[in-house]
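K.L.:
One-letter residues, chain by chain:
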Amino acid sequence: MDLSDVLKSTLLIGPEISLIVAGIVLIVLGSILKKKAGIYVFVLALIGLAVAFGLNIERFGTAETAFGGALALDQYAAYFNVIFLIGALAAIVFSKDYLSATDEFAAEFYALILFSTSGMMILSSSKEFMSLFLGFEIMSISVYVLSAFNRKSARSTEAGIKYLILGGFSSAILLYGIALLYGASGSIYLDEILKSFELTNPLFVAGAALVLIGFIFKIGAFPLHQWVPDVYEGAPMSVTAFMSVGVKAAAFAILLRVIFESFYPIQVSFMPLLWVIAVFTIIVGNVAAIAQSSVKRMLAYSSIAHAGYALIGVVAAYGGQVLAVSSVIYYLFAYTFMNLGAFGVLTYLSRDGKECETFDDLSGLWSKRPFVALSLGIFMFSLAGIPPTIGFFAKYRVFLSAVQAEFYWLAVIGIVGSVISAYYYLRVLVYAFMRTEISPFPSFKVASSIALIVLSIATVALGIFPFDSWDLALKAAGTVLTAARGG
Amino acid sequence: MAISIEHYLVLSAILFLIGAFGVITRRNILIVLMCLELMLNAANLAFVGFSRALDDMTGHIFMIMSLTVAAAEVAVGLALVVAIYKHRETLNIDVLKLLKG
Chain A
1 MDLSDVLKST LLIGPEISLI VAGIVLIVLG SILKKKAGIY VFVLALIGLA
51 VAFGLNIERF GTAETAFGGA LALDQYAAYF NVIFLIGALA AIVFSKDYLS
101 ATDEFAAEFY ALILFSTSGM MILSSSKEFM SLFLGFEIMS ISVYVLSAFN
151 RKSARSTEAG IKYLILGGFS SAILLYGIAL LYGASGSIYL DEILKSFELT
201 NPLFVAGAAL VLIGFIFKIG AFPLHQWVPD VYEGAPMSVT AFMSVGVKAA
251 AFAILLRVIF ESFYPIQVSF MPLLWVIAVF TIIVGNVAAI AQSSVKRMLA
301 YSSIAHAGYA LIGVVAAYGG QVLAVSSVIY YLFAYTFMNL GAFGVLTYLS
351 RDGKECETFD DLSGLWSKRP FVALSLGIFM FSLAGIPPTI GFFAKYRVFL
401 SAVQAEFYWL AVIGIVGSVI SAYYYLRVLV YAFMRTEISP FPSFKVASSI
451 ALIVLSIATV ALGIFPFDSW DLALKAAGTV LTAARGG
Chain B
488 MAISIEHYLV LSAILFLIGA FGVITRRNIL IVLMCLELML NAANLAFVGF
538 SRALDDMTGH IFMIMSLTVA AAEVAVGLAL VVAIYKHRET LNIDVLKLLK
588 G
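Protein chains in written order, with the numbering used here: chain A, 1 to 487; chain B, 488 to 588.
Worth flagging that the hints you see were computed from the coordinates, not collected in a lab.
Please read all numbers here as calculations on a predicted model, not as lab measurements.
A portion of the hints provided could be inaccurate.
What the hints assert, rightly or not - In the BS3-like style, the derived pairs of lysine-lysine whose C-alpha atoms are separated by at most 27 Å in a straight line are: (1) Lys-445/A to Lys-152/A; (2) Lys-573/B to Lys-35/A; (3) Lys-195/A to Lys-475/A; (4) Lys-152/A to Lys-36/A; (5) Lys-584/B to Lys-34/A; (6) Lys-8/A to Lys-475/A; (7) Lys-475/A to Lys-573/B; (8) Lys-152/A to Lys-573/B; (9) Lys-573/B to Lys-34/A; (10) Lys-445/A to Lys-368/A; (11) Lys-354/A to Lys-34/A; (12) Lys-34/A to Lys-152/A; (13) Lys-152/A to Lys-354/A; (14) Lys-152/A to Lys-584/B; (15) Lys-354/A to Lys-35/A; (16) Lys-354/A to Lys-445/A; (17) Lys-354/A to Lys-368/A; (18) Lys-34/A to Lys-445/A.
Can you make the complete structure from the sequences, with help from the hints?
P.N.:
Pasting the structure below:
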């Protein structure tokens, strides 16, 4: 690889570079302007995201590789990048009103969101373990800082250190797994590892298992889910919105890519284990969510349950079924809109440093803020999987793929789980629509209102007309499955 | 006796397990962070050992990269330790109990 290749590759990763450049400029600008930074850094962060979004659109329909095959800039990565960018955009818009206007660290906050997003984008397109590990850590370390961002709050710093210790533990396990795979195959490229995979070599099996444990942790699936409620509850609300969508989607993106481009030979033997993990994730998430008195913590447990529904699709895809893989991708796409919206409403209703956390904080929302209450209703219906929302179509696709792969029990458990989930989602609406106001609601916020309206329209419109976005998910799934089909 | 790849592997596995055991059992946040470093460095040792055995430079480069990551991670960790100490005047991990359902 000579210099011209490096230059060519650098031009190809425009979206990532625009985010990193915007982030660096934000930090410099923030330290110069200090408290006057307010609106400038907000606009600059939006410009960075818009440029990245525009450049990312060009990746649909092309399949380039950069840096000697280390990064695959294909449709699969492009589809996930759209999810990350929507998550980052919504998180920044919600944070604008949430961070108090005089917070002199707003620039660093936006910059960390952009850095984390760039890490996710590298992760979703990595075809080799070094860029995978670096993308994974760029994403994670930025999110550790973000979840402890409210450094004067004991809860926020506690969430940050818990996330850092447990996340660092899982990264170490991931790194050790990569070391074993490197030792066994002599390469860190996914396709080289696939070629030299031997089921009889314990190094391969142990390495693959350790790598998968690292991903399962980031997804927040059953045996490694205990960090999720604590971190989601302690982190600032807009950060919770960002990481519940972005980090989860990124972990699923790389999980699917590694399974189908590298670990394909042992996929069938891991499948029963994933089956058990998916079932317990759904049960644990839903049962624990019922008992919660805090809406934020309830949504944290419900995000565990949603990871379980997406894992149904991963299990159903064991033979490389394109419909099952695309159902997982589409589920994460749908989850982005509805979950960002649900956390967005809570961010909107947080006032003067006090977060909107208990059910009582939502009482009387319908009589005082009817449009916010209406959008909350749309998001809760969508999370519960009630038509005609995007959540219904996504759940239908995942359960259908389980039935097609003849995992009938998995589909039954998933459906029972979403029936249970309807109880606690609709409970939120009982408080919002049928109780009277207990504490006064904050004043009208322009940027967050626009974001809520757009997210509600998208949740309903994509539920009625899901076909275009579904076709793109199908194509994305086809890209990632080519290696599995050839091998 | 020549030192072979097996020796490096066994040593790195032992270091990794000591680190993992420390993260789980130790109660002081600083010691837990040190144990995390031990786990990451055990993986680095495995990388370098494999790199030598395979006569391939990739493992060395990966080791340098993961060292950088570990440094960034511990920098964030120490900053958080300072922030937590300001609130609670202790670094015992058992006092981190505000977040419970």
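K.L.:
Does each hint fit the structure? Answer for all of them.
P.N.:
Each hint, compared with the structure:
1. Lys-445/A to Lys-152/A: Holds, at about 25 Å.
2. Lys-573/B to Lys-35/A: Distance ~24 Å between Lys-573/B and Lys-35/A Cα, so the pair holds.
3. Lys-195/A to Lys-475/A: Holds, because 24 Å separates the two Cα atoms, which is no more than 27 Å.
4. Lys-152/A to Lys-36/A: holds, 21 Å
5. Lys-584/B to Lys-34/A: Answer violated: Lys-584/B to Lys-34/A is near 34 Å, above 27 Å.
6. Lys-8/A to Lys-475/A: Given that 27 Å is the threshold and the Cα spacing comes to 26 Å, the pair holds.
7. Lys-475/A to Lys-573/B: violated, 52 Å
8. Lys-152/A to Lys-573/B: With a Cα-Cα distance of about 9 Å, the restraint between Lys-152/A and Lys-573/B holds, given a limit of 27 Å.
9. Lys-573/B to Lys-34/A: Status holds; Cα separation ~24 Å.
10. Lys-445/A to Lys-368/A: holds, 14 Å
11. Lys-354/A to Lys-34/A: Measuring from Cα to Cα gives roughly 24 Å; hence the hint holds.
12. Lys-34/A to Lys-152/A: Holds, at about 19 Å.
13. Lys-152/A to Lys-354/A: holds, 13 Å
14. Lys-152/A to Lys-584/B: It holds: about 17 Å lies between the C-alpha atoms, which stays within 27 Å.
15. Lys-354/A to Lys-35/A: holds, 22 Å
16. Lys-354/A to Lys-445/A: holds, 16 Å
17. Lys-354/A to Lys-368/A: Answer holds: Lys-354/A to Lys-368/A is near 19 Å, not above 27 Å.
18. Lys-34/A to Lys-445/A: Cα-Cα ~23 Å, so holds.
In this structure, the hints that do not hold are numbers 5 and 7, in rising order.
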